[in-house]
Amino acid sequence: MIETSHLSFRYSAESPELTFPDLSCPKGEQMLLLGDSGCGKTTLLHLMCGILRPNQGKVLINGQDLGLLTGKNLDRFRGNQIGLVFQRSHFVQSLSVLENLALPYFLTGQTADLDHAQSLLDTLGVGHKANSRPQDLSVGEQQRASIARALVHRPAVLLADEPTSALDDRSTQAVLNLLEEQAAQAGATLVIVTHDQRLKDRYDRKVELNSLAIPVS
Amino acid sequence: MNWLYIAWKNLGAKKLQTALSLILLAFGVGMVSLLMLSEKQLRDTFERNIQDIDLVLGAKGSPLQLILANVYHVDAPTGNIRLVDAEKVIRHPYIAEGIPLAYGDNYRGFRIVGSTLAYPQHYDATLQFGAWWEHPFEVVVGSKVAATDGLQVGDTFFSAHGLQDETDVHTDKTFVVVGIMEESQSVMDQLILCNIETIWQVHGDEGDVLDANREITAVLLKKRNPLAVLTIPNVIRETNMQVALPSIEINRLTQNFGIGMNTLRMIAGLIMLLSFASIFISVYDSLLARRYELALMRTMGASPRGLYVSLLLEGGLLSLGGAILGLLLSRGGMVFLAQMVADKFRYDWESLGLLSAEGALVGLAIFVGLVAAAIPGISALRMDISRTLSDSP
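Going down the list, the sequences are from chains A and B. Convert by adding 332 to the 1-based position in the first sequence; the result is the number in this note's numbering. Convert by adding 1074 to the 1-based position in the second sequence; the result is the number in this note's numbering.
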């Protein structure tokens, strides 16, 4: 589960302060964060995974206050507990797709479960590309592989940043289905951050950031 | 999966850049190592053969030529000297011992040198087969001569006039091999030894020449008194003879070589500097091209230190690979050089073992590679993940 309270952030002393509504999503549930470009969606996402530190407020993931973790512990916790899916899929280009799926294990000090990684790729329909270079996959295949990578080590939370904004309606449905199914199977809390209004009615638990995260000063 | 594997894969993913860095470093290390090897061989060869010859007495001419011809047998002699004049010097109270040398013929390019048994004894040469010579036209051959020409005790051959070619063969005089020396890693290995009378008789002296007119080529002298170096030149002022000091002439020679060596060393240093730049660029390029990948790995749990280690490993792998290639290259170069030396001067340069100085060279190369990677790597430590992820296309 993921929970935030009284979050605010500013990039520098001169820049305006961004404040965010309190969020809460229980374990295994799904939540949509909807907001226009420039409203601080990515900032919120980065706050939630500990890449950025808030000026005020707390982020709790599985009960752990991210603010209490520092340095290597924070890196390790993030790697263990959070899977990230980005708008455009990025991989370590010199490694094969399967090796990219081994990275989350290696980087969090776990032994890689390559069988699980392969079966996940199979489930997502890219099993035959396991030994290909990421750049040899189509955009759609890359996205499915990146979903597999985000979930392979069974994180508690799956954060998806604009997973559908570049997709047509049919692909959008397919990707959302995948994300929901896979998150549910892995028992992960799914948080989708997007400006894509097509997703609006799909989720009961949703927060619109437009008005709320506007700079107060 | 580990950082080493990732670094290895990253290097493999940019083959051209990796090859450039490897080639530059291999050439830099290879040149320095080749210089070290050849200098050592040159020095060893020179020093082994000087032993404790203090002075060389011979005909006037270039003192360096006198040394090269009579100590190393790689140059033509300066001329002949009269035996009676030479004996005066040998008997001088400041001189402990004199080894006379007389030569002018060869067998298949190996010099036939007339001397006394003191000559092989001076180099601690021992017999592998047979016995030392007792009579004219009995010869004892060096190990390399025996191996090259397949000579065995009891074989006979004709000599050719001159020191190299075989155009003018003395077919009337037959040499008999009576002994073969053990390899001594000295000039003995490439000589055919006999007594001095043999040399005289080859050239038409049937014992009817007056002693006063007998000639030899040179005398290797050991001094009894350090003043010999100053005194002997005075003693021989009125003759056609000169004395030269091997150590001084060889010093002068290596100093002349030294200018060339230093130039080569500077060029090698420059190439190593270029390879440093190349590794620097390679790692820096990795960093720029893979900024997003590095940020991505941070989101997956990598610590900044882990990323730093992976970049250092890239530099370390490049420099280790380059250094090993360089050592192989210098061995190849040395085999080529040795072949040249063997063809031209009949000296064996065999030792291709690792010099301790080369260990230091490899260490330096790896250090350089690590430093070249460490500098750009610092920005991986300082990377702002959030901005890098947001800036990505």
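Calculated directly from the structure, the hints in this document are not laboratory data. Every residue gets a Cβ at the ideal spot worked out from N, C-alpha and C, and that includes glycine. Check each hint, because a few of them may be wrong.
[Stated by the list, open to error] Cut-off 30 Å, straight-line C-alpha distance, at most; resulting in silico cross-link-like pairs (BS3-like, lysine-lysine): (1) Lys1297(B) with Lys461(A); (2) Lys1083(B) with Lys404(A); (3) Lys1114(B) with Lys1247(B); (4) Lys1162(B) with Lys1297(B); (5) Lys1089(B) with Lys1162(B); (6) Lys538(A) with Lys359(A); (7) Lys461(A) with Lys532(A); (8) Lys1218(B) with Lys461(A); (9) Lys390(A) with Lys404(A); (10) Lys1134(B) with Lys461(A); (11) Lys1218(B) with Lys1247(B).
[What the hints assert, rightly or not] Chain B stretches covered by chain A per the calculated footprint, using a threshold of three residues with CB under 8 Å from any CB of chain A: (12) 1076-1084; (13) 1290-1303; (14) 1433-1444.
So, going through the hints one by one against the coordinates:
no.	hint	in the structure
1	Lys1297(B) with Lys461(A)	violated, 84 Å
2	Lys1083(B) with Lys404(A)	holds, 25 Å
3	Lys1114(B) with Lys1247(B)	violated, 41 Å
4	Lys1162(B) with Lys1297(B)	holds, 14 Å
5	Lys1089(B) with Lys1162(B)	violated, 73 Å
6	Lys538(A) with Lys359(A)	holds, 15 Å
7	Lys461(A) with Lys532(A)	violated, 33 Å
8	Lys1218(B) with Lys461(A)	violated, 64 Å
9	Lys390(A) with Lys404(A)	holds, 19 Å
10	Lys1134(B) with Lys461(A)	violated, 84 Å
11	Lys1218(B) with Lys1247(B)	holds, 23 Å
12	1076-1084	holds (count 4)
13	1290-1303	violated (count 0)
14	1433-1444	violated (count 0)
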